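S.K.: Sequence:
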Amino acid sequence: MRAAADRSGRRIEDVRLVAVTKGVDPERIREALALGIVDLGENRIQEALPKIAALGPAPRWHLVGHLQRNKVGRAIEVFALIHSVDSVRLAEEIARRAGVLGRDIPVLLQVNVAGEPGKHGFAPEEVRDAAPRIAGSPGVRVRGLMTIAPLADDPETVRPMFRRLRRLSEEVRAEVSDADELSMGMSQDYEVAIEEGATLIRVGRAIFGGRRL
1406 MRAAADRSGR
1416 RIEDVRLVAV
1426 TKGVDPERIR
1436 EALALGIVDL
1446 GENRIQEALP
1456 KIAALGPAPR
1466 WHLVGHLQRN
1476 KVGRAIEVFA
1486 LIHSVDSVRL
1496 AEEIARRAGV
1506 LGRDIPVLLQ
1516 VNVAGEPGKH
1526 GFAPEEVRDA
1536 APRIAGSPGV
1546 RVRGLMTIAP
1556 LADDPETVRP
1566 MFRRLRRLSE
1576 EVRAEVSDAD
1586 ELSMGMSQDY
1596 EVAIEEGATL
1606 IRVGRAIFGG
1616 RRL
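Numbering (this note's numbering), first residue to last: 1406 to 1618.
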């Protein structure tokens, strides 16, 4: 991470590592916390809840996987940041639930930069209009954008997608001033993502190895 930040003239302090704990048992997660990890990411609420119960709220828990509208109520109670808001309807449900709690929920808008069929997310041309609309909803605080790049043997293959998300982020930030987070990059491509402006990288396999649960 530091080497990638140095190559791009960035400060390592401006990039946060979200350790993705999908399939990782609480004991192994405790080892990571003891080594200084403070942000943990989960793909599914059902898997996250027992881990949160076992490890407590001290780590910052991030939801990095797809969120169904019928699970919004529980998600906004336990996650510090939802990375995967992929539709206006989902944002509206978060706003409705947040109103009941009297809270503002920080979210990232997921963008399907590569236009992959079957993958969740706003199209790039949609998110420019959707971001200020969602940000204007009481209860939702749009903090930035997120993307999941296609798997590729060569990380350079996905560099243009990260670059495009960064440029989209600059356009969105002109309308939504605090949308300054960029969640992009995983185990296979996080260095390229950092070079292209990621502020959050989501790394699981490179930290914990293969899934065991």
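Be a bit skeptical, because a hint or two may be false.
What the hints assert, rightly or not - Each computed EDC-like pair below joins lysine to aspartate or glutamate, with the alpha-carbon atoms no more than 16 Å apart:
#1 Lys1456 x Asp1430
#2 Lys1456 x Glu1436
#3 Lys1524 x Asp1559
#4 Lys1456 x Asp1444
#5 Lys1456 x Glu1432
#6 Lys1476 x Glu1497
#7 Lys1476 x Asp1491
#8 Lys1476 x Glu1452
#9 Lys1427 x Asp1444
#10 Lys1456 x Glu1482
#11 Lys1427 x Glu1452
If you're looking for bench data, these hints aren't it; they were derived computationally from the structure.
Since we're looking at a predicted model, the values are computed, not measured.
S.K.: Provide an ascending list of the numbers of those earlier hints which the structure does not satisfy.
M.R.: The structure breaks only hint 3.
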